[in-house]
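Using the sequences provided together with the hints, build the complete structure.
Number of protein chains: 2
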Amino acid sequence: MELLKKRIREDGIVKGNDVLKVDSFLNHQMDVALFEEIGKEFLRRFDGCGVNKILTIEASGIGIACVTAQSFHCPVVFAKKSRTKNIAGDVYTTKVESFTHGQVYDVIVSTKFLGSGDKVLIIDDFLANGAALEGLIDLVNQAGAELAGAGIVIEKAFQPGGKRLRARGVRVESLARVKSMDEESGVEFVD
Amino acid sequence: MELLKKRIREDGIVKGNDVLKVDSFLNHQMDVALFEEIGKEFLRRFDGCGVNKILTIEASGIGIACVTAQSFHCPVVFAKKSRTKNIAGDVYTTKVESFTHGQVYDVIVSTKFLGSGDKVLIIDDFLANGAALEGLIDLVNQAGAELAGAGIVIEKAFQPGGKRLRARGVRVESLARVKSMDEESGVEFVD
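Residue numbers (the numbering used here), protein chains in the order written: chain A, 1 to 191; chain B, 1 to 191.
Worth flagging that the hints you see were computed from the coordinates, not collected in a lab. One or more of the hints may lead you astray.
Copies of the same chain look alike in the list, so a pair counts if it works inside one copy or between any two.
[Said to hold, decoys possible] Result set (DSSO-like, lysine-lysine): computed pairs, CA atoms no more than 27 Å apart in a straight line:
1) K15 with K179
2) K81 with K95
3) K95 with K119
4) K5 with K40
5) K21 with K81
6) K163 with K81
7) K5 with K112
8) K119 with K21
9) K21 with K112
10) K6 with K112
11) K163 with K21
12) K95 with K21
13) K15 with K112
14) K163 with K40
15) K163 with K119
16) K15 with K163
17) K5 with K21
18) K179 with K6
Just so it is clear, the structure is predicted and the values come from calculations on it, not from any experiment.
Next up, the structure:
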């Protein structure tokens with residue numbers, strides 16, 4: 001998606017060789033006009049797949065997921081990161097390791113909002129190691145729902161998540177795939 | 001907002017006299033078509049106020065804030081709950097006590113995304129004790145930004161937050177104000 005790559009080149013900040021800060025438009029301050037274009041692009045890629053639910057994980061996926069859901073005319077469910085062991089009511093639970101925060105979270109979704117009739121599109125802002133995405137796929141499987149695929153805004157293609165998930169047969173559509181980056185020359189994308 | 005009150009009456013679940021679960025459409029599963037109507041109603045109430053930025057707090061405010069921002073044609077900034085003491089870079093910090101989780105959070109916003117040129121509309125899903133909203137107002141004040149007001153989806157008018165903040169001169173616009181509730185008779189709204 002050229003508009004997104006252009007924005008990353010202009011406003012993304014590279015730290016070292018693996019940190020890409022896009023908090024001015026994607027995941028702290030959020031440019032909802034850009035999100036609308038992102039949502040349309042996800043629809044173009046997953047149109048006709050019968051998606052009836054979008055699943056994301058708090059917090060930075062929620063805005064993109066909600067604006068994307070307007071294009072799909074379906075509801076969003078966001079998985080919650082939980083630090084308390086027992087949640088009232090019935091939930092699907094999985095564990096997700098955050099490499100950024102060096103922590104393992106329990107991630108939960110109420111059984112009321114994900115089930116065998118659902119065809120799910122997972123939306124998230126970043127794909128790197130793939131831990132969050134694998135956790136969300138686990139929740140979809142526990143629910144007996146069908147997975148249409150994953151729509152990712154920025155994939156760090158030099159990290160192993162995308163490759164591993166595609167090898168498992170998951171359809172992963174990333175709008176910008178970063179091949180490499182450094183502080184001097186900036187971001188290089190996969191063609 | 002009649003559409004919202006109707007939805008709360010139909011799909012809200014009352015527990016005891018003070019818990020209102022609206023997780024089927026507002027803050028776990030999210031009905032983005034309803035969010036569009038909510039966003040239009042916030043615009044109707046704050047139109048002409050010169051709002052150029054919407055501020056919310058993770059996680060459940062983000063979806064509503066993003067869809068509302070489409071009506072205002074402005075970006076969203078979401079305040080982050082932080083458990084780590086020192087964040088890289090310059091941030092405004094405040095403390096918010098969560099009565100639901102019995103915890104005090106540091107809540108932060110990067111100084112890059114809130115400043116003296118901003119006219120801020122705060123958006124959140126619930127107002128009860130007002131702790132989150134007071135924290136967000138503190139961040140706006142630290143930034144030297146101007147506060148247009150707060151747009152709240154559901155106010156528990158029997159709890160003290162709304163009254164205290166209005167007494168301080170904050171413009172609080174709540175789309176559904178709950179006067180009282182119980183498990184048998186359901187939710188009663190302030191006229």
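Hints and how they fare:
no.	hint	verdict
1	K15 with K179	within (15 Å within a copy, 51 Å between copies)
2	K81 with K95	both (9 Å within a copy, 20 Å between copies)
3	K95 with K119	within (22 Å within a copy, 40 Å between copies)
4	K5 with K40	within (16 Å within a copy, 31 Å between copies)
5	K21 with K81	both (22 Å within a copy, 18 Å between copies)
6	K163 with K81	within (25 Å within a copy, 32 Å between copies)
7	K5 with K112	between (38 Å within a copy, 22 Å between copies)
8	K119 with K21	between (32 Å within a copy, 25 Å between copies)
9	K21 with K112	between (35 Å within a copy, 13 Å between copies)
10	K6 with K112	between (40 Å within a copy, 21 Å between copies)
11	K163 with K21	within (22 Å within a copy, 40 Å between copies)
12	K95 with K21	both (25 Å within a copy, 25 Å between copies)
13	K15 with K112	between (41 Å within a copy, 17 Å between copies)
14	K163 with K40	within (25 Å within a copy, 42 Å between copies)
15	K163 with K119	within (23 Å within a copy, 44 Å between copies)
16	K15 with K163	within (23 Å within a copy, 46 Å between copies)
17	K5 with K21	within (14 Å within a copy, 40 Å between copies)
18	K179 with K6	within (15 Å within a copy, 50 Å between copies)
Comparing the model with each earlier hint shows no violations; every hint is respected.
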